[in-house]
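Asks: The residues making up each chain are set out below.
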Amino acid sequence: MKKFLNTYDEDCIACHACEISCARIYFKVDDLERSRIRIEEREKSAHIVACNQCETCVQVCPTLALTVNAQGVVLVNNRLCVGCYMCIAACPNESMFRYLGGIIPIKCIACGLCLDSCPTEAIRIEEKQEN
Amino acid sequence: MTERKVLAEFPYELKPVEKGYNRRTLYINLSTKAIESRPVTDLMIDKFVGGKGFDLYLMWHSVKDTTRWNDPENEICIAFGPLCGNTNYPGSGKSIVTTISPLTDIPIDCNVGGHFGPYAKFSGWDAIEIQGKSEEEIIVFIDGDKGIVQILSAPDEEINSHILAERLIAEFADNPNGYQYVSVVSSGKAAEYVPISCLNFSFWDKRRKVARLKQAGRGGTGMVFRDKKIKALVVKYSGLKGDTNHPVDLETLQKTGIKLHKEIEEGDDKQNRMRQVGTAHLVEIMNDYDLLPIKNFKYGQMEEAKGLASWEFKKLFTQGLPDGCWFGCSLSCCKAVDNFIPRTGPYKGQKVTVDGPEYETVGGCGSNLCIWNARDVVELNFYCDTYGIDTISFGTSCAFAMECYEYGILNKERTGGLDLSWGNADSVFELIHQMGRGEGFGVIVGQGVHKMKEIFAREYGADPKLLQDIGMEAKGLEYSQYMSKESLAQQGGYTLALKGPQHDEAWLIFMDMVNNQIPTFEDKAEALHYFPMFRTWFGLQGLCKLPWNDIEPANNAETDEPAKVPEHVQNYIDIYTAITGRPLDKEELIRQSERVYNFQKVFCMRMGKGRRIDDIPPYRAVGPVTEEEYLSRQERYDKLLKEKQGIDPEGKSTQEKMALLRAYREDQYQQLVDAVYKRKGWTKEGIPTIEHLKSLGMDLPEVVEVVKRFL
Numbered sequence: 001m002k003k004f005l006n007t008y009d010e011d012c013i014a015c016h017a018c019e020i021s022c023a024r025i026y027f028k029v030d031d032l033e034r035s036r037i038r039i040e041e042r043e044k045s046a047h048i049v050a051c052n053q054c055e056t057c058v059q060v061c062p063t064l065a066l067t068v069n070a071q072g073v074v075l076v077n078n079r080l081c082v083g084c085y086m087c088i089a090a091c092p093n094e095s096m097f098r099y100l101g102g103i104i105p106i107k108c109i110a111c112g113l114c115l116d117s118c119p120t121e122a123i124r125i126e127e128k129q130e131n
Numbered sequence: 132m133t134e135r136k137v138l139a140e141f142p143y144e145l146k147p148v149e150k151g152y153n154r155r156t157l158y159i160n161l162s163t164k165a166i167e168s169r170p171v172t173d174l175m176i177d178k179f180v181g182g183k184g185f186d187l188y189l190m191w192h193s194v195k196d197t198t199r200w201n202d203p204e205n206e207i208c209i210a211f212g213p214l215c216g217n218t219n220y221p222g223s224g225k226s227i228v229t230t231i232s233p234l235t236d237i238p239i240d241c242n243v244g245g246h247f248g249p250y251a252k253f254s255g256w257d258a259i260e261i262q263g264k265s266e267e268e269i270i271v272f273i274d275g276d277k278g279i280v281q282i283l284s285a286p287d288e289e290i291n292s293h294i295l296a297e298r299l300i301a302e303f304a305d306n307p308n309g310y311q312y313v314s315v316v317s318s319g320k321a322a323e324y325v326p327i328s329c330l331n332f333s334f335w336d337k338r339r340k341v342a343r344l345k346q347a348g349r350g351g352t353g354m355v356f357r358d359k360k361i362k363a364l365v366v367k368y369s370g371l372k373g374d375t376n377h378p379v380d381l382e383t384l385q386k387t388g389i390k391l392h393k394e395i396e397e398g399d400d401k402q403n404r405m406r407q408v409g410t411a412h413l414v415e416i417m418n419d420y421d422l423l424p425i426k427n428f429k430y431g432q433m434e435e436a437k438g439l440a441s442w443e444f445k446k447l448f449t450q451g452l453p454d455g456c457w458f459g460c461s462l463s464c465c466k467a468v469d470n471f472i473p474r475t476g477p478y479k480g481q482k483v484t485v486d487g488p489e490y491e492t493v494g495g496c497g498s499n500l501c502i503w504n505a506r507d508v509v510e511l512n513f514y515c516d517t518y519g520i521d522t523i524s525f526g527t528s529c530a531f532a533m534e535c536y537e538y539g540i541l542n543k544e545r546t547g548g549l550d551l552s553w554g555n556a557d558s559v560f561e562l563i564h565q566m567g568r569g570e571g572f573g574v575i576v577g578q579g580v581h582k583m584k585e586i587f588a589r590e591y592g593a594d595p596k597l598l599q600d601i602g603m604e605a606k607g608l609e610y611s612q613y614m615s616k617e618s619l620a621q622q623g624g625y626t627l628a629l630k631g632p633q634h635d636e637a638w639l640i641f642m643d644m645v646n647n648q649i650p651t652f653e654d655k656a657e658a659l660h661y662f663p664m665f666r667t668w669f670g671l672q673g674l675c676k677l678p679w680n681d682i683e684p685a686n687n688a689e690t691d692e693p694a695k696v697p698e699h700v701q702n703y704i705d706i707y708t709a710i711t712g713r714p715l716d717k718e719e720l721i722r723q724s725e726r727v728y729n730f731q732k733v734f735c736m737r738m739g740k741g742r743r744i745d746d747i748p749p750y751r752a753v754g755p756v757t758e759e760e761y762l763s764r765q766e767r768y769d770k771l772l773k774e775k776q777g778i779d780p781e782g783k784s785t786q787e788k789m790a791l792l793r794a795y796r797e798d799q800y801q802q803l804v805d806a807v808y809k810r811k812g813w814t815k816e817g818i819p820t821i822e823h824l825k826s827l828g829m830d831l832p833e834v835v836e837v838v839k840r841f842l
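Just so you know, the sequences run in chain order C and X. When you line the first sequence up against the numbering used here, it's residues 1 to 131, in that order. When you line the second sequence up against the numbering used here, it's residues 132 to 842, in that order.
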């Protein structure tokens, strides 16, 4: 089974609390660009962008810096990453991110620490069959 | 583990690259065992930029007018360019190799991938300059982690690259996890015997767990390397990050890179399928357009060529791997055949990984010899690489020998029993193994077309005029694998190329022949100015040409000048400024190249070539040499006689029509040369004028002194 952050756009009210929570946890800043989850405000609804652990990026990484842990979560090995961003372009749901001044790409690792910040339960840690 | 003596050692201070430059070059003299750090001056950066520009500048000041390839003062220079080694923009890991060529006697330049260039650059050097000759076999080791350069003894028995590269990676890496931080430059056994030789630049393939090999192919660099008794250059550097090139504007660099990555992700499967089959996608296209060289460039199309179509190679290439020869190249064109088992030679029956074949190798080692079996081409590719042989010169040289065999100039007595009939792959394998052993008729073929012409006329009484017409070389270098007969502009693209007939200065066949976008002499001359200058720029920066136009933006056809791919030109301007902090526009980009291009031209003159007479193609590159060639495309040629020359072909013999066509085409070519020289700011004899050099800011005293000898 594979652990991942499932997203429910229809419940999202675009309050961005999850982004703030994520950026604070991992970067100790309020900069939404540092969040591993992103909320896109669209005309009719919000769209939550977070990695679904599909592993497409793992296939394109030239340095094998992207690996899958025992829970099926894709992790970036900072020591091996050379910042080429081929993973960003290859990601089918555009959930691998860069941020200003950064070199290593960031992505959701299904830690679930943002869940409590969401007032509508639009994000949930779930499990699914392997790809 | 091989016992090595330290013959010389040079510790140096490790410093970060700043804005793409180290501002120092590494000088090594193998005769005296001197190792020095030399400064990069403002003049070098302002006038020569980097990469090939630095190579040529360093070589100019080290060789004499009389220097030949095997003189101790000849150098092998390897330079990297300010953009080299960035991991953000696809195709940014190229090294440029120059030396005085054993085939042409003038500077040759090769643009090659692999990890050596970026690692050597990040070890602290903008260029490496190797002069002198060692008395014993040596390895040069650059430890970019510790800041030490060593000349080490090399008692290694192995020479051939696919084994030597892996052994040296294992020896010099700290542990198996560190294999990716080591890269090796090596050649092969054949480079000790034949000048059509090359260098292999390795990169460790972490998924396949093998050393992959990219080639500095043209002009005999391998023979100079082995003549200096260099077994290998080894570099180790483990500090690579996404900003090691220390750009001034990382943000722009990253965004421009991601933009191209996405374009490739969305467009490549619909466009050239580089990620699936590499440049081999060209085979069926060239065959469809009568441009695939067959039987020593006699014909451009044959039904049998489907045996070498890209779908045949796709079956052999392992799919779905990130096959970039430098990190961050999402175009991923360097395909490989895994677990290949050769059926001939010293590695018969052993499993090997073969890089490629790329298009040029398919043309040279396949269609041009009428070898239609894809696996045979893979095997020739493997042996060329590991023996250190250039697949292009090998193919064109074998094709010439086979045509001479067809005409009876050669026979089994003269070839040592080899039947060189078209398509006889077994004989071609024997030729390549003879080159690897340094024996037999293979060594004659390995001298290249220019020397074979002399030998066959002198030893076998062959007609020198026929040999000149069918010998596909100019300046001593073999043609690469496109038919130029029906494209006047490409005849110029090949034959006016400074180093010899290689397609990396200009590829104009579609613009000229298919799309008729450059109909007049002036149009062709403009294209033969712009494209060689634009393409020269890749070699100054340490870039690959392929991500420029082997992937195009979806709306490229709607732009004013689609052949230039304007959006990608702007990308290059953006990443140049993002890395170096220096302003650039598309005009200055061309002028950066023009300075170095004219310098190289004068360098060729200084070494005894670079004259108008050196820019003459063999007639096979221009039109039909034999009756069979004329008759095979009779309708086309008769029509041309009528429409272009106003001559009624009715009632004329084939010989008469051939003579009329030849006179016309040779005259057209000379008119083209006039137009191109004029556009380039050169005299009718092909000499850059002092005024033109002044206008470029290249009226350096040493350059003017050489030019004055010719004016």
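Quick caveat, the hints were computed from the structure, so don't treat them as lab data. Don't take each hint at face value.
Stated by the list, open to error - What follows is a set of in silico ranges between Cβ atoms, one per label pair, in the way DEER data are often shown:
id, chain 1, residue 1, chain 2, residue 2, range
1, X, P170, C, E43, 55 to 61 Å
2, C, Y26, X, K825, 54 to 60 Å
3, C, T120, X, T449, 42 to 48 Å
4, X, G370, C, E94, 27 to 33 Å
To be verified - With a straight-line Cα cutoff of 30 Å, these simulated DSSO-like cross-link-like pairs (lysine-lysine) come out:
id, chain 1, residue 1, chain 2, residue 2
5, C, K28, X, K372
6, C, K44, X, K393
7, C, K128, X, K393
8, C, K44, X, K773
9, X, K788, X, K773
10, C, K3, X, K393
None of these values were measured; they are calculated from a predicted model. We put the CB at the ideal spot given by N, CA and C, even for glycine.
Asks: Each hint needs a verdict: does it hold in this structure or not?
Replies: Against the structure, the hints come out as follows:
1. X:P170 / C:E43: 55 to 61 Å: Hint holds: Cβ distance 59 Å, inside 55 to 61 Å.
2. C:Y26 / X:K825: 54 to 60 Å: Once the Cβ atoms are compared, 59 Å apart, the range 54 to 60 Å for K825 (chain X) and Y26 (chain C) holds.
3. C:T120 / X:T449: 42 to 48 Å: holds, 47 Å
4. X:G370 / C:E94: 27 to 33 Å: holds, 31 Å
5. C:K28 / X:K372: holds, 23 Å
6. C:K44 / X:K393: OK: K44 (chain C) and K393 (chain X) at ~27 Å, within 30 Å.
7. C:K128 / X:K393: Holds: K128 (chain C) and K393 (chain X) sit about 28 Å apart, inside 30 Å.
8. C:K44 / X:K773: violated, 68 Å
9. X:K788 / X:K773: holds, 11 Å
10. C:K3 / X:K393: holds, 28 Å
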